[in-house]
Amino acid sequence: MAQVTNRLTPFFENITFDRVDNELILNFGPQHPSAHGQLRLMLHLQQEQITKAHPDIGYLHRGMEKMAENMIYNEFMPTTDRMDYIASSSNNYGFALAVEKLIDVEVPRRAKVIRMMLLEINRLMSHLFWLATTALDIGAMTVFLFAFREREYLMDIIEGYCGARLTHAAIRIGGVPLDLQDGFIAQLKDFLDKLPQNIKDYEDLLDTNRVWLMRMEEVGTISTELALSWGCTGPMLRASGVAWDIRKEEPYELYDEVEFNVPYSDKGDNFARYRIYMEEMRESAKILYQTIDMYEETVKNNQTELMAHAPKYISAPKLDIMTQNYSLMQHFVLVTQGMRPPVGEVYVATESPKGELGFFINSQGGPYPYRLKLRAPSFWHTGILTDLLPGHYIPDVVSIIGTTNIVFGEVDR
Amino acid sequence: MRAYVPKDDVQAKAYYTDRYYVAPQVPKSDVSTDEVFSADLEAIKAKFEVIDSFIQMGQMVVYINAKDNYGVLELMRDELKYTQLSEMSAIDWLAKENKFEIFYQMLSMHKRKRIRIKMFIENGQAVNSVEKLFRSADWSEREMFDMFGIEANNHPFMKRILMPYDWQGFPLLKTYPLEGDEFAAWYEVDKIYGKEARDIIGPELRDTSRVDRYDSERFARLGHEVPKGTKITGNEPKTEQSYQEEGGVFLIKKFDKESSVVVDDPQR
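If you're matching them up, the sequences are chains A and B in order. Take any residue in the first sequence, note its place counting from 1, add 733, and you have its number in the numbering used here. To convert, note that position 63 of the second sequence is 54 in the numbering used here; the numbers rise steadily by one, no gaps.
Keep in mind that a hint or two might mislead.
[Claimed, not checked] Here are the simulated SDA-like pairs of lysine to any residue, each with C-alpha atoms no more than 25 Å apart in a straight line: (1) B/Lys150 <-> B/Leu169; (2) A/Lys799 <-> B/Thr8; (3) B/Lys104 <-> A/Lys799; (4) A/Lys1045 <-> B/Tyr7; (5) A/Lys1033 <-> A/Glu936; (6) A/Lys799 <-> B/Asp(-1); (7) A/Lys785 <-> B/Arg151; (8) A/Lys799 <-> B/Asp25; (9) B/Lys90 <-> A/Val1076; (10) A/Lys799 <-> B/Lys87; (11) B/Lys182 <-> A/Lys1033.
Just so you know, the hints here were simulated from the structure itself, not pulled from any lab data.
So here's chain A without its partners, still in its complex pose:
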């Protein structure tokens, strides 16, 4: 008998509850602690084995693309924080870079170095957070506490820089608003010097751990074809045998001046993804050491500029605004009416900690983008669960969701 709907009983679409076979339909989420946010998974089960998975998203949908069409470009910057809120500067950066390409400005070198530092700190924060939560899902409480402790140090450094711990808004279109605070470099060096030992601690706890290996090895294997077809990027793709890192292949900022490796694996299972996250943390540390040297070089060369000089689009430095009439007028117009980029389209992809973060902007020459499409990597990393989960067992769902590293701020946008 079909379900009779009324306001008191929930209506499950296309599902009848009295079936003759042994199929059970399990609703995993949207309030499940290991669903990493508001993911509702409808799982069709034969005993404990999944025969069909249907991810249902949209519980965190805020309509960011719509909001972007109704905001001037600078106004939208803090909204991008709310996409991947685990590494918010990388979203700020992706948006800033897209608009900079559109208006064709060159960012000063010191700002570039600071941005790279922020990006890599965000990557470390994101990976540490991933390790902590995934380990907790599997049951490794110690790793959770260890990784959160290290993430806390990074959050303190970021807080010293921009005043915020989670939603940074630390990057502006055309540069960065502030120079590094006193003690930033020393704090960061302190952290980086300890990091290799910290990573080794996590690995000692996990790499040969029986439970960890059973939950990770040969579970959630994604073939290269499937990963490409589903638009997987970042660690998800690199674990499936494609060494594609946008920082390396289409370098932006100063990534072509630093030396780092792109770890990849051809196994495609949970364990491969875990190993890639660990290796990427080491590579990020390597990049950060190099950016510290680059920063000190800009100090030595007295390159103090932090914002690009483009009076048509970007406000003058504070000193000019306070002392020069024309800069003040320009600033007033830019704040109240907003910049007007040229007519055209741009799609810019950056390597966020989760994968390819793309911003597609269609500008019609007005102060509001005509169309802005956010390409968030987690959207497809959630979609792939449809094809990935069937054949697996219930406990694997938790570890697979864990290693896909999805954040619902950017899935639903």
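Fit chain B to the supplied structure of chain A, relying on the hints for placement.
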């Protein structure tokens, strides 16, 4: 004469644009300037009609006919090695020419190149689904349907993805207001309390910057605060607010209303 503004576009618009302002263009270059792109374009042109093509921001943009989208993407994937569909969605041009513009953002990891395939469809026309070629289009096409109402033929599960299944209206259309339409204002009230409770609860206000001066539940009465839930009569006394650092600040005097001058006459 006043410039024509489409009335059915309710998105935010610049409140002032200089009459002689001509927006600059992002430069476009010819496809022949890039070897890889021109070879790709030749391969597409050999089998399908290409309406327009150029390079913008280092990426090739190719306009094709809407009926060819499956064939072109199949050619791109199998022969030209554009193995990933990074993104696809639509742009609403209904107010201007009653059309949607659909774009497919493709990536070739072998060539390190990105191509954008674009096409126009009429309002109400469906597109061919490319879900068979790229699984990522499964969700992208659902999102496009959810946001614009553009359906994809041969799609396995053409349902809304972000909005609830029983939602009415398509949020990313230019005709759809930012704070939602009439349906959106009553959706949750009807769903949770039922239509009969509409009079008691009232429509949902999605304009977050709206300030209701008779509301004593929220922070809407700055400077005239009253205890929570008080009925507002309009005769509430002003609550005095003053702030000054301990010991004062160098060169800065405390603001004194008594000794300040209020300018009544703007022509003074």
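Checked hints:
About 23 Å separates the Cα atoms of B/Lys150 and B/Leu169, which keeps this hinted pair within 25 Å; it holds. Between the alpha carbons of A/Lys799 and B/Thr8 the distance comes to roughly 22 Å, so the proposed pair stays at or under 25 Å and holds. Under the criterion of a C-alpha separation no larger than 25 Å, the hint pairing B/Lys104 with A/Lys799 is inconsistent with the structure, at around 29 Å. The hinted pair formed by A/Lys1045 and B/Tyr7 meets the criterion: a straight-line CA distance of about 16 Å does not exceed 25 Å.
Taken as a hint, the A/Lys1033 and A/Glu936 pair is broken in the structure, with Cα atoms around 39 Å apart against an allowance of 25 Å. At roughly 16 Å between alpha-carbon atoms, A/Lys799 and B/Asp(-1) fall within 25 Å of each other, so this suggested pair holds. Using a Cα cut-off of 25 Å, the hinted pair A/Lys785 and B/Arg151 holds, with the two alpha carbons roughly 19 Å apart. Between the alpha carbons of A/Lys799 and B/Asp25 the distance comes to roughly 35 Å, so the proposed pair goes past 25 Å and is violated.
Of the supplied pair hints, the one linking B/Lys90 and A/Val1076 holds, its CA atoms being roughly 19 Å apart against a limit of 25 Å. Only pairs whose Cα atoms come within 25 Å are accepted, and A/Lys799 paired with B/Lys87 is accepted, the gap being roughly 19 Å. A distance of roughly 64 Å separates the Cα atoms of B/Lys182 and A/Lys1033; the hinted pair therefore is violated under the 25 Å criterion.
Checked against the numbered hints above, the structure breaks hints 3, 5, 8 and 11 and satisfies the rest.
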